[in-house]
Amino acid sequence: MSEQAVRLERGSHYDLDNLATFIAWSGFIVVVLIFVWILGEILVNGISVISWEFLTESPGNAGRSGGILPILVSTGVIVFICLAFALPMGVATAVYLNEYTLKDSRFAKFINISIDVLAAIPSIIYGLFGFVFFNNVLGFGFSLLSGGLTLACMVLPFVIRASIDGLKAVPDAYRESSTALAMSKSASLFYVIIPSAMPGIIAGFLLGIGRALAETAALLFTSGYVDRMPSGVMDSGRALSIHVYDLAMNVSGGDANAYGSAFVLIVVLLVVNSMAIYIGNKIQRRQLR
Amino acid sequence: MELLDRRENVCEMHAESVFNDSSRFMFCIDKLCLCYGNNMIIENVSLNIPKNSVTSIIGPSGCGKTSFLCCLNRLTDLNESCCVTGEVKVGDENVYSSSVNLTEVRRKIGMLFQKPNLFPFSIWRNLELPLKHHGVRDKEVIRLKIQNVLQNVGLWEEVESRLHTPALSLSGGQQQRLCLARTLILEPEVILMDEPCSALDPMSTKKIEELIMELKGNYTIVIVTHNIAQAKRISDHVAFFWNHEGKGVLVEQGTADKIFNYPKHELTAAYVNSGA
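If you're matching them up, the sequences are chains A and B in order.
Each residue of the first sequence is one higher than the one before, counting from 1 in my numbering.
Each residue of the second sequence is one higher than the one before, counting from 1 in my numbering.
These are calculated hints, taken from the structure and not from any lab test.
Using N, Cα and C, we set each Cβ at its ideal position, and we do this for glycine too.
Below, in silico cross-link-like pairs of lysine to aspartate or glutamate (DMTMM-like), each with a Cα-Cα straight-line distance of 20 angstroms or less:
1. Lys109(A) with Glu80(B)
2. Lys132(B) with Glu176(A)
3. Lys207(B) with Glu158(B)
4. Lys185(A) with Asp77(B)
5. Lys115(B) with Glu176(A)
Each pair of labels, with its calculated beta carbon distance range:
6. Glu99(A) with Glu210(B): 35 to 43 angstroms
7. His164(B) with Ser274(A): 23 to 31 angstroms
8. Ser274(A) with Ser171(B): 30 to 38 angstroms
9. Lys168(A) with Ser171(B): 22 to 30 angstroms
10. Asn38(B) with Val267(A): 56 to 64 angstroms
11. Trp156(B) with Glu99(A): 34 to 42 angstroms
12. Ala20(A) with Cys83(B): 46 to 54 angstroms
13. Glu157(B) with Ile279(A): 34 to 42 angstroms
14. Glu210(B) with Asp15(A): 56 to 64 angstroms
15. Tyr36(B) with Lys168(A): 16 to 24 angstroms
16. Arg137(B) with Val132(A): 50 to 58 angstroms
17. Lys103(A) with Lys31(B): 26 to 34 angstroms
Construct the complete structure from the given sequences, taking the supplied hints into account.
Shown next, in the form of structure tokens:
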């Protein structure tokens, strides 16, 4: 090959390299810009509303004035109920599918397909299901319990999938060595496999919380949208995302408080995520002692 | 085929000479067959493994050496499609009988794997976990046992000051010695070793070999190795496996001296001389 041809070939490689670098950086910048834009808009418009009173008072005048305390309490209760059911069930299902069933058995395949189908169902359908099953059939009515359980059904496939991924990432060598150390299967699971799969399980937990906090459609049908302080889990209550939706779409003059509530929603999400990562790291670090 | 027919005679002769004194043996294996689904991996292996000595399992890749080793502590149970027939007796107990206490059998038979497979915990936790699982709760007893096994594998001075740091931060050789310590902490009678030095450098290999020589007075060691020179250095007894039409078969067994210096079977002679 002549020197000129080599130079030409090199030149085309450089062009391709530059193009690929440009595309990758452009994608990165666009994503960051969108994120900063959304966050910036909420921050700029919402921060002025945030005050101690906003966090500790009940809403007044359909949410145009006052605070969001009952909304925060309802949101906390709904998310807690959701995760209290979805996490143990999700992790247990993942352990069963990954550790106890034959990978290519018909039963495992059926459950796996079911999980994928459940994950793809729109949240409004879950809302209708929750309304029929929890509100009417089980007689829970419009309540935080109905909302939490409906959300639990909705986030379950994500928790299961993330936990299965976490368990799959645990090398088989751990299973072999714990068996060779005469450890029972349950001991191996609790002391070796599940702690090693903790990053995946935490990812499932975060996905679950993210979806539960952001959900509106499923909750409209199940937990309702009254903005008073709930008297218990059987009482109706309004979640933060519904409050944002209601103020932004149905209440004229509610924009400022909608931004304020959205700001609180994002802060709550960040705090919960950080706590989950911190607790997960702590669990793993405890194994190192 | 003719060559392999002769292995029957070689193995039968040996079995007859040793069957009379079963108390000498840790394992008495009779007509062991192993299948994964419809594939037979090991066919009709009968072998007696003497107590307190090093028995090397040698042979080319794919002749079922590791699978054979996994049959001895029923690690084959981890694979649902695996089916084992025949008898593996440890003392008077058949490992494959339905009434066997598998936890007790596996506690008696420790295992060291090809690659160090420590748990992603601290050095201390790796050693404490099996002890606690087997009912040792006294903190002082645990501390003494951990110190003792680490001293036995020559690791105590190297890790004394960092027992609570991640075990996976140790070097490959140290990790393998820690795996050995983890196996020894349950006070087994047998240690199965599946090519324990294949991922190690020569210095670490030498240390493991020295440990094997120290341990063989108190433990029965069964080691799978591809390294014929290593087998010559450490073995008291040798079993030579061969891949016959996709199935692992035992061609010849005997003392290390007989197998390496006076092999009866042509395949054995060819194999052991290929590594000379």
